[in-house]
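Enquirer: Respectively, the protein sequence lines represent chains A and B.
One point on numbering: in my numbering, the residue at position 55 of the first sequence is 55, and numbering is uninterrupted.
One point on numbering: in my numbering, the residue at position 37 of the second sequence is 37, and numbering is uninterrupted.
Hints were generated in silico from the structure; no laboratory data involved.
Check each hint, because a few of them may be wrong.
When chains are identical, the list treats them as one kind, so a pair holds in a single copy or across two.
What the hints assert, rightly or not - Below 30 Å or equal to it, Euclidean Cα-Cα: the simulated DSBU-like pairs (lysine-lysine) are:
1) K115 <-> K289
2) K257 <-> K299
3) K118 <-> K255
4) K299 <-> K244
5) K265 <-> K75
6) K37 <-> K49
7) K255 <-> K268
8) K40 <-> K185
9) K244 <-> K257
10) K265 <-> K168
11) K40 <-> K93
12) K247 <-> K289
13) K40 <-> K27
There are 2 protein chains.
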Amino acid sequence: MKIIVDAFGGDNAPLEIIKGCAESVSKFGVDIILTGKETKIREVAVENKIPLDHIEIEDCDDVITMHDSAESVVKTKKNSSMAVGFRLLAEGKGDAFLSAGNSGALCVGATLLIKRIKGIKRPAFAPVLPSVTGCLMLLDGGANVDCRPEMLRQFAVMASVYMEKVMKIDKPRIGLANVGTEDHKGTELYRETYGILKESKLNFIGNIEGRDVPSGICDVVVCDGFTGNMILKTYEGVAAVLMKEIKNIFTGSTKGKMAAALVMKDLKAMKNRFDYNTYGGAPILGASKPVFKVHGDAKAITLVNAIGLCIDYVEANAIDVISASLK
Amino acid sequence: MKIIVDAFGGDNAPLEIIKGCAESVSKFGVDIILTGKETKIREVAVENKIPLDHIEIEDCDDVITMHDSAESVVKTKKNSSMAVGFRLLAEGKGDAFLSAGNSGALCVGATLLIKRIKGIKRPAFAPVLPSVTGCLMLLDGGANVDCRPEMLRQFAVMASVYMEKVMKIDKPRIGLANVGTEDHKGTELYRETYGILKESKLNFIGNIEGRDVPSGICDVVVCDGFTGNMILKTYEGVAAVLMKEIKNIFTGSTKGKMAAALVMKDLKAMKNRFDYNTYGGAPILGASKPVFKVHGDAKAITLVNAIGLCIDYVEANAIDVISASLK
């Protein structure tokens, strides 16, 4: 299997990306194509003693930054590490493409450069978040701020396949994000979608509220991209603030440090459980080839985990299963 | 000043409500009218040795539960503790009304039984949440799932007055919830509202993302009720899950208990800072008289804090200021 990786996406690129690729080669036995400025990649690899076995480099000059528009990937920055990654994937030079770069550009590229699965209205950005009992997929996480009921139904179908085939969850429980559990709650979009999901063959458990997102009562939360983005980032923001407060307690005083020594193992386990790095990759579901968004803050371990998920996605033929499930 | 309180609203009613009222009488020197079944209130007061000085009781039989529809307050349950509270407020028997009961019913009652401030399109449910630097008001928190730009502008005006007059924040910073900071982000509702807020005299700081909600970068987050409810409950859900995880670490082992003893003071301070009980009351902004929703899980201290805010709201003539600011 050959995975294409954007060497210049994310806050810690290219070092952590190159490191993550090298670790993935040795962990999974995959081949990798890194896209980006070759001289820089080789320089960083040498400086940090990172072996580049089984890693090819596709040289290109440009980089899409967080300040570039989403459309830059198809317009002004066709020679960027991200656009070139998409081109290689479209040409069949690799089995999947990952980038920790600009999410908007990645969604636009997945839609316009890779095309959609036949029948799919719009691809969705589908991050996996930690929950009390494991994890859940939230989609759409921000690719489509305006949605119609049929789009939400397709999101549910795609996520159900992903959670079953890649995350190995039997009969994934699908929840519809809403302001209350009763079927008449929410806007017209949500009332209509409720009816459609209820009639579907999916394991639809009904409406779920914001407080249920981390509680583990469902495996998939379906919503429009505006709502999903607010849930996703509120989740990350609140978790980050509380983790920082805890860290301050344990580093701010001698007593704190003594306490930390006593419970360090448990604290670390908790931090890991609620760390997005564990589920580093968010697929762009609906693209006709595997495209993964890696968290912008990705470290090497994030990338390794994301590549692991990517391999499972490819091996499970999840895109063919999604395609068949839509009918 | 005389405050009307629904004795049978919330999970811990009537005991914690009665207790909170008695404490408020002694703390603030206010008079209180409790609505609800008089025999039960007197029985609970005697059993728990709670003095009922300066507390009148308006006897009524019925209670609106969490399972009742929002409309029950004006239709099937006109003799409930909540509906009677609204009647007393409308008749001018008290200066403000508080309930920890059914939020939907409270919003409907505030709109239909108390009426709106002249010019206000729709009252908003406006909870105050903790942030890293203090607190912020989020509105609409769920009263109106469908909103128009003018409604969002009014929410911003009302919240700005509230945060200035009641929470004593100078020139409250108003943020618009959105999926990105650029002015073209979001749905049509948000793009239009952005333009309107930018032209207003409010201290509008622009779009803010979900992760900024707890970070303290603004004092007010404006959004439609669907989005606001998802933010509010995701915030509560994530905070609750993490606090429980921390509690488990400190109670689950001998080492944990030893560590807890060392940092108990700091942990409690953090818990208090992120505890909604501190900001126990969410005003229904836009109602022509002060109506406060108290958290459903309210303890006596929650009610005391909410009554304190309520007194500030009445004394600041905030409703007159809002009315003048709308023009």
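Enquirer: Now look at each hint and say whether the structure bears it out.
Expert: Cross-check of the supplied hints:
Taking the shortest Cα distances, K115 and K289 sit within 30 Å of each other inside one copy (8 Å), while across copies they are farther apart (56 Å). With identical chains, the CA atoms of K257 and K299 are at most 30 Å apart within one copy only, with a shortest distance of 26 Å there and 34 Å across copies. In this assembly of identical chains, the alpha carbons of K118 and K255 never lie at most 30 Å apart, being 60 Å within a copy and 57 Å across copies at closest. Taking identical chains as interchangeable, the C-alpha atoms of K299 and K244 lie at most 30 Å apart whether they share a chain (19 Å) or sit on different chains (28 Å).
For a Cα distance limit of 30 Å, the shortest separation of K265 from K75 qualifies neither inside one copy, at 49 Å, nor across copies, at 56 Å. With identical chains, the CA atoms of K37 and K49 are at most 30 Å apart within one copy only, with a shortest distance of 18 Å there and 77 Å across copies. For a Cα distance limit of 30 Å, the shortest separation of K255 from K268 qualifies both inside one copy, at 18 Å, and across copies, at 15 Å. Neither within a single protomer nor between protomers do K40 and K185 lie at most 30 Å apart by alpha-carbon distance, with minima of 54 Å and 34 Å respectively.
In this homomeric assembly, K244 and K257 come within 30 Å of each other (Cα to Cα) both inside a single copy, at 15 Å, and across copies, at 21 Å. Proximity of K265 to K168 under the C-alpha cut-off of 30 Å is restricted to the intra-copy arrangement: shortest distance 28 Å within a copy versus 43 Å between copies. Taking the closest pair of Cα atoms, K40 and K93 come within 30 Å of each other only inside a single copy of the chain (22 Å); across copies the shortest separation is 76 Å, beyond that limit. For the homomeric pair K247 and K289, neither the shortest alpha-carbon distance inside one copy (41 Å) nor that between copies (44 Å) is at most 30 Å.
In this homomeric assembly, K40 and K27 come within 30 Å of each other (Cα to Cα) only inside a single copy, at 25 Å, whereas the closest approach across copies is 68 Å.
Figure legend: structure checked against the earlier numbered hints; hints not met, in rising order: 3, 5, 8, 12.
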